[in-house]
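Engineer: For reference, the chains in residue letters:
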Amino acid sequence: MSQVRIPPVLREAVGGARDLEAAGTTVSEVLADLFARYPALRDRVTADGELSPFVNVYVNGRDVRYGDGLATAVSAADQVILLPAMAGGSV
Amino acid sequence: MAAHRPPTGILTDIAAAIGNTPLVELRRLAPRPGVRLLAKIEGANPTGSVKDRIAQAMVTDALASGALRPGQAILEPSSGNTGISLAMIGARMGHPVRVVMPDNTTPERERILRAYGAEIVFSPGAEGSNGAIRMAERLAAADPELFMPFQYANPANPRAHEEGTGPEILAAVPEVDVFVAGLGTGGTLTGVGRALKAVRPGVRVVAAEPLPGEGVQGLRSLEEGYVPPVLDQSVLDDRYLVSNREAVVGARRLMAEEGIFAGVSSGAALTVALRVATEMEGGTVVVLLADAGSKYVSTGLWDRDLDTLAEEMESAVLW
Chain A
36 MSQVRIPPVL
46 REAVGGARDL
56 EAAGTTVSEV
66 LADLFARYPA
76 LRDRVTADGE
86 LSPFVNVYVN
96 GRDVRYGDGL
106 ATAVSAADQV
116 ILLPAMAGGS
126 V
Chain B
22 MAAHRPPTGI
32 LTDIAAAIGN
42 TPLVELRRLA
52 PRPGVRLLAK
62 IEGANPTGSV
72 KDRIAQAMVT
82 DALASGALRP
92 GQAILEPSSG
102 NTGISLAMIG
112 ARMGHPVRVV
122 MPDNTTPERE
132 RILRAYGAEI
142 VFSPGAEGSN
152 GAIRMAERLA
162 AADPELFMPF
172 QYANPANPRA
182 HEEGTGPEIL
192 AAVPEVDVFV
202 AGLGTGGTLT
212 GVGRALKAVR
222 PGVRVVAAEP
232 LPGEGVQGLR
242 SLEEGYVPPV
252 LDQSVLDDRY
262 LVSNREAVVG
272 ARRLMAEEGI
282 FAGVSSGAAL
292 TVALRVATEM
302 EGGTVVVLLA
312 DAGSKYVSTG
322 LWDRDLDTLA
332 EEMESAVLW
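Protein chains in written order, with the numbering used here: chain A, 36 to 126; chain B, 22 to 340.
No lab work stands behind these hints, which were simulated from the structure alone.
Just so you know, even glycine gets a beta-carbon here, dropped at the ideal spot from N, CA and C.
Listing some non-contacts, in silico: residues in chain A with all C-beta distances to chain B over 12 angstroms: (1) E56; (2) T60; (3) Y73; (4) P74; (5) D83; (6) E85; (7) L105; (8) S110.
Quick list of the computed label-pair ranges, beta carbon to beta carbon: (9) B:G87 with A:Q38: 48 to 58 angstroms; (10) B:D324 with A:E56: 34 to 44 angstroms; (11) B:D253 with A:S87: 15 to 25 angstroms; (12) A:S87 with B:P145: 20 to 30 angstroms; (13) B:D34 with A:E85: 49 to 59 angstroms; (14) A:E85 with B:A163: 37 to 47 angstroms; (15) B:A192 with A:P88: 30 to 40 angstroms; (16) A:Q38 with B:S255: 27 to 37 angstroms; (17) B:A85 with A:S87: 35 to 45 angstroms; (18) B:R113 with A:G50: 47 to 57 angstroms; (19) A:D83 with B:V248: 15 to 25 angstroms; (20) B:D34 with A:G51: 54 to 64 angstroms; (21) B:A163 with A:P88: 25 to 35 angstroms; (22) A:E56 with B:R90: 54 to 64 angstroms.
Let the hints inform the model, and build the full structure from the sequences given.
Structural biologist: Dropping the structure here:
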């Protein structure tokens, strides 16, 4: 089971949890496991079966869009983070 | 030793001292013998940050196009650095400057902005940079006398890096393999990335992205998620999240091991540069250190207990 960090804006969809355990060997499987338990999460995180452009997913800090996308491998020791896309930085 | 600036001579004014920043080898921090790690020290710019480059470019560009009239007031959302750079340019060229800034940045920024004669409008800190952007857009829409350069969407922002920072790096280190910088507007990564890839298509451009604290994330909704128009995501090859704690550790290592006094985003960029360098067999990594440490002294970045500091940063906008 991998640990998944849920951002404040999505916690209502998962009963208020900040961190969840989820099963799966890829990002896609981990998300499917969460969607099965928290159906409201699916529409917030995906659009037409793809990641919503306003949501970023990271495995051990690396943005999966620059890896293998939803097929990015996830092991039990990995941390998955969901985050709204946003401006930031030294502006 | 490479001469980054003429060893003697007089610059025509302070704006002429922008750019041509030093590139310094980080021999003690480099994690592998075959990988050279070089830091572009943007804290050496006149106001101590990389933003001097884009402030100068945006104002020059707007004056040339007629979008900005001589003496017209400038309004900009900024967590500090861009506002301070615009205040410097404005003070020199006779433009009043008003900066919309989250109310939870550091007191140094407020003091420095006021010293340059800028006016500050505070936005709710919990809304982060996005809140400052929204408030600035409202103020600009309500007052047509204000000119907003808007660094997030102004093509002069990446162009300053495509024509300045990038060619400076290529001139000093044509064999560059990886470029790492913090992700804010995306202007640095986009502009430098384009310049490097035009000459070396295989260069990897890697972003260090802040993991915002819970307090800063709190009020943000997905629908308000904001991808800055100047960020050309096709230039990026990789993107890593860096926690506040990791960024602080990075800034402390820069100081302790290399004697480089740099800010929080520099610590984050270093963290990512070390991660990338560790995975390389050999080659050259250039990491851009966006600002000097002086605007962070009051936070206790270098001397306070790390756990306490990391916890406090959960509700602050530091980079």
